[in-house]
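**Q** Sequence:
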Amino acid sequence: TKVLEYGSGGGREAASCLKAGAEVTICDVSERLLKACSLLAEKNGKSLTSILITEDVQVLPKEQFDFVITIDCLEHVREPVRVLHELVSCLKVGGYIWNEVFFGGHELSPYHLVETRHFGNGTEWADVLKSAGLTLIDDEGTEGHLWRK
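Each residue of the sequence shown is one higher than the last, beginning at 575 in the working numbering.
Check each hint, because a few of them may be wrong.
[Stated by the list, open to error] Result set (DSBU-like, lysine-lysine): computed pairs, CA atoms no more than 30 Å apart in a straight line:
1) Lys636 <-> Lys620
2) Lys666 <-> Lys704
3) Lys620 <-> Lys576
4) Lys636 <-> Lys593
5) Lys576 <-> Lys617
6) Lys666 <-> Lys609
7) Lys704 <-> Lys576
8) Lys666 <-> Lys620
9) Lys576 <-> Lys636
10) Lys576 <-> Lys723
11) Lys593 <-> Lys576
12) Lys636 <-> Lys609
13) Lys593 <-> Lys723
14) Lys723 <-> Lys666
15) Lys617 <-> Lys704
16) Lys704 <-> Lys620
17) Lys617 <-> Lys593
18) Lys666 <-> Lys636
19) Lys723 <-> Lys617
20) Lys704 <-> Lys723
21) Lys620 <-> Lys593
22) Lys609 <-> Lys620
23) Lys666 <-> Lys593
24) Lys593 <-> Lys609
25) Lys609 <-> Lys576
26) Lys609 <-> Lys704
If you're looking for bench data, these hints aren't it; they were derived computationally from the structure.
Please model the complete structure; the sequences and the hints are all you need to start from.
**A** Right under this line is the structure:
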């Protein structure tokens with residue numbers, strides 16, 4: 575199983591996936607965190623691929639991943655809809671994406687604005703996911719949701 579964790583931060587989910595035997599790629603804006611995650615994986619006899627995220631360059635391989643994880647990340651990017659479409663293009667057909675995001679509140683931060691400012695009046699993030707070609711699989715709970723391509 576090939577897993578991409580986008581906005582990996584400290585790599586908590588990546589570590590769990592590595593333990594389960596997955597081939598893992600992590601992406602983050604912090605080169606220091608990417609290096610730390612790689613060193614921790616090596617210390618545990620594992621290896622992972624890391625990709626530095628920049629505003630201008632997205633170097634994500636197309637249709638390579640069975641599972642994409644993005645937790646508390648997309649509300650921090652300038653163009654969340656564009657990034658979502660990039661993540662969907664990374665998924666194999668039939669692949670899954672776990673998405674946790676909170677756009678509400680934090681009005682003082684330019685990347686944490688309320689949904690109507692991001693997507694248009696009356697448009698919900700779930701509508702954006704559906705328009706990207708995803709189908710909601712798990713609608714239980716409020717933390718995140720599982721979608722399928």
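**Q** Run every hint past the structure and note whether it holds.
**A** Here is what the structure says about each hint:
no.: 1; hint: Lys636 <-> Lys620; in the structure: holds (24 Å)
no.: 2; hint: Lys666 <-> Lys704; in the structure: holds (16 Å)
no.: 3; hint: Lys620 <-> Lys576; in the structure: holds (14 Å)
no.: 4; hint: Lys636 <-> Lys593; in the structure: holds (25 Å)
no.: 5; hint: Lys576 <-> Lys617; in the structure: holds (21 Å)
no.: 6; hint: Lys666 <-> Lys609; in the structure: holds (27 Å)
no.: 7; hint: Lys704 <-> Lys576; in the structure: holds (23 Å)
no.: 8; hint: Lys666 <-> Lys620; in the structure: holds (24 Å)
no.: 9; hint: Lys576 <-> Lys636; in the structure: holds (12 Å)
no.: 10; hint: Lys576 <-> Lys723; in the structure: holds (15 Å)
no.: 11; hint: Lys593 <-> Lys576; in the structure: holds (13 Å)
no.: 12; hint: Lys636 <-> Lys609; in the structure: holds (24 Å)
no.: 13; hint: Lys593 <-> Lys723; in the structure: holds (25 Å)
no.: 14; hint: Lys723 <-> Lys666; in the structure: holds (8 Å)
no.: 15; hint: Lys617 <-> Lys704; in the structure: violated (40 Å)
no.: 16; hint: Lys704 <-> Lys620; in the structure: violated (35 Å)
no.: 17; hint: Lys617 <-> Lys593; in the structure: holds (13 Å)
no.: 18; hint: Lys666 <-> Lys636; in the structure: holds (8 Å)
no.: 19; hint: Lys723 <-> Lys617; in the structure: violated (34 Å)
no.: 20; hint: Lys704 <-> Lys723; in the structure: holds (10 Å)
no.: 21; hint: Lys620 <-> Lys593; in the structure: holds (8 Å)
no.: 22; hint: Lys609 <-> Lys620; in the structure: holds (14 Å)
no.: 23; hint: Lys666 <-> Lys593; in the structure: holds (22 Å)
no.: 24; hint: Lys593 <-> Lys609; in the structure: holds (18 Å)
no.: 25; hint: Lys609 <-> Lys576; in the structure: holds (20 Å)
no.: 26; hint: Lys609 <-> Lys704; in the structure: violated (34 Å)
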